[in-house]
Amino acid sequence: MRNWMGVGISMAAMFLGGPAWTKAADDPLLRPIALASSKRWLAPQAPVRLHGQTYLVGFGGLNVALIKTSAGLILIDGAVPQAVRDVEANIRALGFSIRDVKLILSTEPHFDHAGGLAALARDSGATVVASAPAAAVLRTGGIDPADPQAAWLERFPAVRRLRAVKDGEEIRLGDTVITAVATPGHTMGSMSWRWKSCEGRQCATMVFGSSLNPIAADGYAFSDPAHRPVVDAFRATFAKVGVMDCDLLITAHPDPADPAKLARLRAKRVPNAFIDPTACRRYADRAAGMLDKKLASEGETRSYSRGQ
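Heads up: the sequence shown is residues 1 to 308, going by my numbering.
Bear in mind the hints are in silico, worked out from the structure with no lab data behind them.
Among these hints, one or two may not hold up.
Each pair of labels, with its calculated beta carbon distance range [unchecked claim]:
#1 Asp-175 - Tyr-220: 40 to 50 Å
#2 Lys-166 - Lys-196: 14 to 24 Å
#3 Glu-169 - Gly-142: 39 to 49 Å
The calculated DSBU-like cross-link candidates involving lysine-lysine, where the alpha carbons are at most 30 Å apart (straight line), are [claimed, not checked]:
#4 Lys-293 - Lys-261
#5 Lys-240 - Lys-293
#6 Lys-68 - Lys-196
#7 Lys-240 - Lys-166
For each residue, glycine too, the CB sits at the ideal point set by N, CA and C.
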């Protein structure tokens, strides 16, 4: 596997506090966080061209996407701080440079997706783009106390170079236009991103979807009347994502079926194993079912139906 600092040190050594840990700790933006979870998330994964000029440069349990435009690169999400050097190595393996990254799009202000943003922005000189609620959290590297997962979350390096965008706003870089799609619920600042990708005359609508998982820390009840805005945000998001134009879905945490799809894609590009116009609908329906189940367990009987 690729090592953290490019000198042949294994990931295992880092987790055990070996030399890689020391090297990373010398840089405050790379200090490891969430080590237990990172062991699951950071399974090494070779970079791959997903469709057109869109690539995956992340890990088995955390997706990081890269889009090549005529005016530079766009990165989506940043994983955790200790993963930054591997993301940058994956970018180099594709023949690009981290300095070519002009924009970094953020799906949510949780440490697993935003922890590496500060270092990636520093190394590239890029501007991080996020929703206004997410940007408020990213600026401090803090924790929104109203977040359903607040009790579980870890702080991460603060992001300095930020641009806040609204739902439906278009972000342009060279020949590429990416639309911001507000998808609150998992966090109230969650944002998904949609763009067009073409291979010759064959074009697909790509969606990098934020997490929709209605997960909460112990003691947090979605059925508490005080938390009704979060439930309403989830339901609106499910309705929006369920009918969204979407030919190829990338989720912030990969779907369990994605490794098999990646293997098929590496072996044979046509037909593309990731093309699935029903993916966003199924993603929303699955998350909606999880919320219904959680509410039912809390004594809430109202069930979700699209459009309510």
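Quick rundown of the hints versus the structure:
no.: 1; hint: Asp-175 - Tyr-220: 40 to 50 Å; verdict: 44 Å, holds
no.: 2; hint: Lys-166 - Lys-196: 14 to 24 Å; verdict: 20 Å, holds
no.: 3; hint: Glu-169 - Gly-142: 39 to 49 Å; verdict: 24 Å, violated
no.: 4; hint: Lys-293 - Lys-261; verdict: 29 Å, holds
no.: 5; hint: Lys-240 - Lys-293; verdict: 20 Å, holds
no.: 6; hint: Lys-68 - Lys-196; verdict: 12 Å, holds
no.: 7; hint: Lys-240 - Lys-166; verdict: 15 Å, holds
In this structure, only the earlier hint numbered 3 is contradicted, and the remaining ones agree with it.
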